[in-house]
Amino acid sequence: MTSLTLPQSTTAAVALSGVTKVYGRGDTAVLALDGVSLDVAPGEFVCLVGASGCGKSTLLNLIAGLDGISGGEVAVANGATPGLMFQEPALFPWLTVAANVEVPLKLRGLPRAERRARVAELLDVVQLGDFAKRRPHELSGGMRQRVALARTLALDAPVLLMDEPFGALDAMTRDLLHDELERIWSQRRLTVLFVTHNVREAARLADRIVLLSSRPGRIIYETRVDVPRPRRIDSSEIAALAAEVTDRLRSEVGRHGQ
Amino acid sequence: MVSDILSARPGSGTLSGLDALEIAAREKGATRAGRIWGATWPKIVALALALAIWQFVFWAGWKDPWALPGPVTVFRDLGAYLFTSALWDGLATTARRAAIGFTAAVAVGLLLGLAVARIRVLRAALGSMITALQTMPSIAWFPLAILLFQLSEQAIFFVVVLGAAPSIANGVIHGVDYLPPLLLRAGRNLGARGLSLYRYVIAPAALPAIVAGLKQGWAFAWRSLMAGELLVVIATKTSVGAQLQYAREFSDAPRLIAIMIVILVVGLVVDAAFAAADRAIRRRWGVLDQTKA
Chain H
1 MTSLTLPQST TAAVALSGVT KVYGRGDTAV LALDGVSLDV APGEFVCLVG ASGCGKSTLL
61 NLIAGLDGIS GGEVAVANGA TPGLMFQEPA LFPWLTVAAN VEVPLKLRGL PRAERRARVA
121 ELLDVVQLGD FAKRRPHELS GGMRQRVALA RTLALDAPVL LMDEPFGALD AMTRDLLHDE
181 LERIWSQRRL TVLFVTHNVR EAARLADRIV LLSSRPGRII YETRVDVPRP RRIDSSEIAA
241 LAAEVTDRLR SEVGRHGQ
Chain W
1 MVSDILSARP GSGTLSGLDA LEIAAREKGA TRAGRIWGAT WPKIVALALA LAIWQFVFWA
61 GWKDPWALPG PVTVFRDLGA YLFTSALWDG LATTARRAAI GFTAAVAVGL LLGLAVARIR
121 VLRAALGSMI TALQTMPSIA WFPLAILLFQ LSEQAIFFVV VLGAAPSIAN GVIHGVDYLP
181 PLLLRAGRNL GARGLSLYRY VIAPAALPAI VAGLKQGWAF AWRSLMAGEL LVVIATKTSV
241 GAQLQYAREF SDAPRLIAIM IVILVVGLVV DAAFAAADRA IRRRWGVLDQ TKA
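Protein sequence lines, in the order shown, are assigned to chains H and W. Residues in the first sequence are numbered from 1 upward in steps of one, following my numbering. Residues in the second sequence are numbered from 1 upward in steps of one, following my numbering.
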């Protein structure tokens, strides 16, 4: 489905080298991330998988520049700020759907006519053209998350960071949104770094799955997903791959539990 | 061109199918007339009951009629009072003082609240003092105000601002303190920094708490103003409070109660305006329970 060829060691879209994050000071200091190194190629879809509390969200915050690193280096190609999506839609409840999507365009100072056309186009991309004048509270959870996606896309950032964006949705809605995200990713040639604790979701979406250990967060395992797209989350290949990754994750969690 | 894009969307019907089920049930409500009647009749009954009790107390002869007249006498007097220039001149003066005093209190309260909410040193220094100021009965300020400004409008404004500004400042502080951190992070990721973060995220997110603060501030301002007009009577300028004072001095009980009714109605009308603003905001935000609206 995608005619994407991974470039051989050209400049990475996101390059992390030895990223360390410490919270607090002195005796109460907590090492959240310990020397995380990861290169994400332009156009690549990478899923970060780990148990809760392993610093996955911290890592995304660092890449997005919302939090400072304690050591190492974070580089995003062309210095562009990546778009960030959260588990909650984080829409502005006082604005309509269209006005929410318009905010980043306004902040970039685009003229009104251009903003309108862009908002219509983006709502179209997430299939919510008919809901432009609604307010967030009038929408279902899946629709809100699609508005959040449109709002993030309005940044025109080449890199999209997603922090368990579908974690709060029911399985059927999540399935549909997987399809939509895959379509948008391939059409717009985005680079996606997607955090989840759902191994199946990772196998369904990713070009590459990266496993993170807990406390401190370290990369412990990496695997390429060679299942051709389009994929189905309930296909046997995805299930087999998910089982393999789950075993890895389980042995890791077990080692820490002892 | 734009409408073409909007209408040509194959597949959106099926994709929205499950979502549509979820949102369809939320769009119901009683008719407008029915809602208004439902909200009004208990108030009418309560008012009728209050008038009936007043009438019975009058008939029972608990107090002499010159001290406590019956409702009929009072409302007849109110009817006559409505056609005097004294009432309207007084109302004009009082309304002007209320507008100036409240506007000054809003300016002071907003600036103070914003400064205290965002600057840590100021919060440590002034945070609890603002709340302490709020507990001070405004009438207790008047002796000092009269010493400072004599019997002048400045004395009244001084007390009105001191009475109302702390409530407004507290509303702002509360609104900023309870800002969801997620909205701030989202705003910053979307490119809002510094002033634009205030414009696009902080101010609108804090608006419901700010309106609540304004509403409370108005209640304090109105009470302070009435207390001030009773104490600071300026002979050349009539006002609602001054006329209340005159009515007491002439032992004109029907007029006194008529003026009290005017004060009550003004307070209710302004309060209703704030309540309407509050409801409109909450409806926009989707935090108003639609079945109770």
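Some clues are possibly wrong.
What the hints assert, rightly or not - Simulated coverage check for chain H against chain W, where a stretch passes if three residues somewhere in it have a Cβ under 8 Å from a Cβ of chain W: (1) 104-115; (2) 136-147; (3) 218-229.
To be verified - To give a feel for the contact side, a few chain W residues facing chain H, derived at Cβ under 8 Å: (4) R96; (5) A99; (6) L183; (7) A186; (8) N189; (9) L190; (10) G191; (11) A192; (12) S196; (13) Y198; (14) Y200; (15) R279; (16) R282; (17) G286.
Stated by the list, open to error - The calculated label-pair distances, taken between Cβ atoms and stated as ranges, are: (18) Y198/W <-> L110/H: 19 to 29 Å; (19) P180/W <-> R189/H: 26 to 36 Å; (20) S70/H <-> L182/W: 19 to 29 Å; (21) T236/W <-> L110/H: 26 to 36 Å; (22) M136/W <-> A80/H: 25 to 35 Å; (23) E138/H <-> R35/W: 14 to 24 Å; (24) R282/W <-> S52/H: 29 to 39 Å; (25) L110/H <-> Q154/W: 41 to 51 Å; (26) L182/W <-> T11/H: 46 to 56 Å; (27) A113/H <-> S196/W: 20 to 30 Å; (28) T40/W <-> S186/H: 58 to 68 Å; (29) A107/W <-> L110/H: 54 to 64 Å; (30) P180/W <-> S70/H: 25 to 35 Å; (31) Y198/W <-> A15/H: 40 to 50 Å.
FYI, nobody ran anything at the bench for these hints, they're computed from the structure. Every value quoted in this text rests on a predicted model; they were computed, and no experiment measured them. Idealized CB from N, CA, C, for every residue including glycine.
Query raised in the report: Looking at the structure, which of the earlier hints fail to hold?
Result: 3, 4, 5, 13, 15, 16, 21, 22, 26, 29 and 31
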